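Whenever a hint applies, use it, and build me the whole structure from the sequences.
Okay, here's what each chain looks like letter by letter:
Protein chains: 2
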Amino acid sequence: MGDITIALDAMGGDYGAKIVVPAAIAAVQQHAHVKIYLVGKQEVLAEHLSGVASEYKDRLIIHHASQTVAMDELPSSALRTKKDSSMRVAINLVKERKAQAVVSAGNTGALMATARFVLKTLPGIDRPALISELPTLVNRTRVLDLGANVDSYAEHLFQFAVMGSVLVAAEDNIDSPTVGLLNIGAEEIKGNEQVKHAAQLLTESNAVNYIGYVEGNELLKGKVDIIVCDGFIGNIALKTLEGSAKVLSRIIRETFQQTIFSRMIGLLSFSVLKRLRKRMDPAQYNGASLLGLNGIVIKSHGGANVLGFTAAINEAVVEAQKDVPNLIGERVSVLLQEGLLT
Amino acid sequence: MGDITIALDAMGGDYGAKIVVPAAIAAVQQHAHVKIYLVGKQEVLAEHLSGVASEYKDRLIIHHASQTVAMDELPSSALRTKKDSSMRVAINLVKERKAQAVVSAGNTGALMATARFVLKTLPGIDRPALISELPTLVNRTRVLDLGANVDSYAEHLFQFAVMGSVLVAAEDNIDSPTVGLLNIGAEEIKGNEQVKHAAQLLTESNAVNYIGYVEGNELLKGKVDIIVCDGFIGNIALKTLEGSAKVLSRIIRETFQQTIFSRMIGLLSFSVLKRLRKRMDPAQYNGASLLGLNGIVIKSHGGANVLGFTAAINEAVVEAQKDVPNLIGERVSVLLQEGLLT
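Just so you know, the protein sequences line up as chains W and P, in that order. If you count by this note's numbering, then the first sequence holds residues 709 to 1050, one letter each, in order. If you count by this note's numbering, then the second sequence holds residues 709 to 1050, one letter each, in order.
None of these hints come from the bench; they were simulated from the model. From a predicted model like this one, the values you see are computed outputs, not experimental measurements. Misleading hints may appear alongside valid ones.
Because identical chains cannot be distinguished in the list, a pair is counted as satisfied if it fits within a single copy or across any two copies.
[Stated by the list, open to error] Only pairs whose alpha carbons sit at most 27 angstroms apart, straight line, appear in this in silico DSS-like list of lysine-lysine: (1) K929 to K803; (2) K743 to K765; (3) K982 to K954; (4) K929 to K749; (5) K828 to K898.
What follows is the structure, given as structure tokens:
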């Protein structure tokens, strides 16, 4: 396993360097073969790095970038006016092959637009897709697309299925990961036109191990390795999950505070509730990958804490070790030759 | 407030008469002015009613229907071959004005297809939409469409917004309930074509109190009275919520069982956890309404228990008291005159 270099948008996200630098330090401590470019304002980053032991500092390289992309900035504006932003320069490092992957907690729209513009999609891939893991109880389930595209055609869903399969096969060492299409269960009208057509494409080819439709209530059951859907649907489903987890945590807290007796029980349950919170902690699932580009692009949640951003860096490390973009490129090139992609 | 008559598909759902008859008894006990037609097999229903006190029995009328619609039957087959099914005959009672509303826990696709075929949509309404309440912590939030339609046009979403507004205004006595469109937050590409166009239609007219976009994580926040979306999206979101509530309940249970200490805490927490379960109980939110038809059609969850089916009957009673189809008809007729509907 050779050395791996990851470029971090060190100014991105709700907290910028305050979160990114400690996460970078944690990552180089965890991975002896990983080197990190911290891209952003030299003086800010130098200050955050000041106390770090030199054995780690050698693998934490500050790469100056004078601008930052605001969280609410329009992607087109970022693309046009922020050519020296921490985000853009970090992506450039991947394009220049100085880093294998970029991780950013910054503006999602700007990251997707800039990454696509700078790195370009792989031949045979029309649109990159955002993939991430869901907090299932058993097994791992990834969902794509989580919001990189809307109004996807069946052909795009087919490409998402192929890309997701390659990623999961490589990361989890599964020969032929299962793929399901997210759909609704109303009998005859099962699915909209796009999903029905995608099901047909997946059934007719042997490009992936397609097992059929999956409904919304099955997202967390861990019955399928990869769930494919349009980005609009995937984003709504993911955000719905996030929202319901928050509301349920609040209900649990409130219920334990209702009476003096339940408050006492709550105090006694402290360790149990803490374990519960830990198990439901979204930080451990942080790090969505934008698949289909000439390079690895990982999107961290904007509000991620150090643990969360470290998880996103770890995702980048794993994908770099497996060289996922190259694997997708190879798979797609076979499918292009077979006429299954155009 | 005059007398209200509700027709129940007494053979529908996973449990049929075993659940429907006790729920009907509970409903006539709760509402002195409500009369119920129990539609289904005479002998089965008579047996289930045998022990009931005569003061209630007078308002529980068996209406024989020889057939039943299977839960997995194709809607087209039910429509064609089950003209004497409990579902169809119950819907017929609404068409014949012998009942104001029908409640069924049966096959969703068959119910929607049959209700639409028998009752027809109101003038100005192209497609009926399924609306239900979400388990928010504060206020009430309804979502439509939950799966009656897929591939909706912006004009349909506009109609859904109007129908939802009329229902909520009547049921909750709100002058001008707020309406949001379910959307994703990726800046520039915010929304798919359908949602962007619907936003334009809603903004340009004063037909409803439109307040803008709502994201998936805001579904349970209770910030808006009505959330409008395509049925594919709404169904995925609703099922995702159901699925996550189930998984989280399981995580809570498992966490309390992990160690001997936490098991003891679990025993002590019994009353608290019971309160928690009650608060999360989907039964209390059971009963989705198929809006836009010449008559009230309530869909109960197929697996609903007695409490859940009673909640669905109560929804039918409230809509009948307010005469919701008539209110929608009046509102739509004004919008047709104003040229806001065609």
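Legend entry - Same-copy or cross-copy closeness of K828 to K898 [CA-CA at most 27 angstroms]: So K828 and K898 pass the 27 angstroms test across copies only (22 angstroms; inside, 35 angstroms).
Inset, instruction - Using 27 angstroms as the alpha carbon limit, work out where K929 and K749 are close: within a copy, between copies, both or neither. - result: For K929 and K749, the Cα distance exceeds 27 angstroms both inside one copy (44 angstroms) and across copies (38 angstroms).
Inset, instruction - Indicate which option fits the pair K929, K803 if close means a Cα-Cα distance not exceeding 27 angstroms: within, between, both or neither. - result: neither (38 angstroms within a copy, 42 angstroms between copies)
Inset, instruction - Classify it for me, K743 with K765: is the Cα-Cα distance of at most 27 angstroms met within a copy, between copies, both or neither? - result: within (10 angstroms within a copy, 79 angstroms between copies)
Legend entry - Copy assignment of K982 with K954, given that the CA separation must stay at most 27 angstroms: both (15 angstroms within a copy, 20 angstroms between copies)
Checked against the numbered hints above, the structure violates hints 1, 4; every other hint is satisfied.
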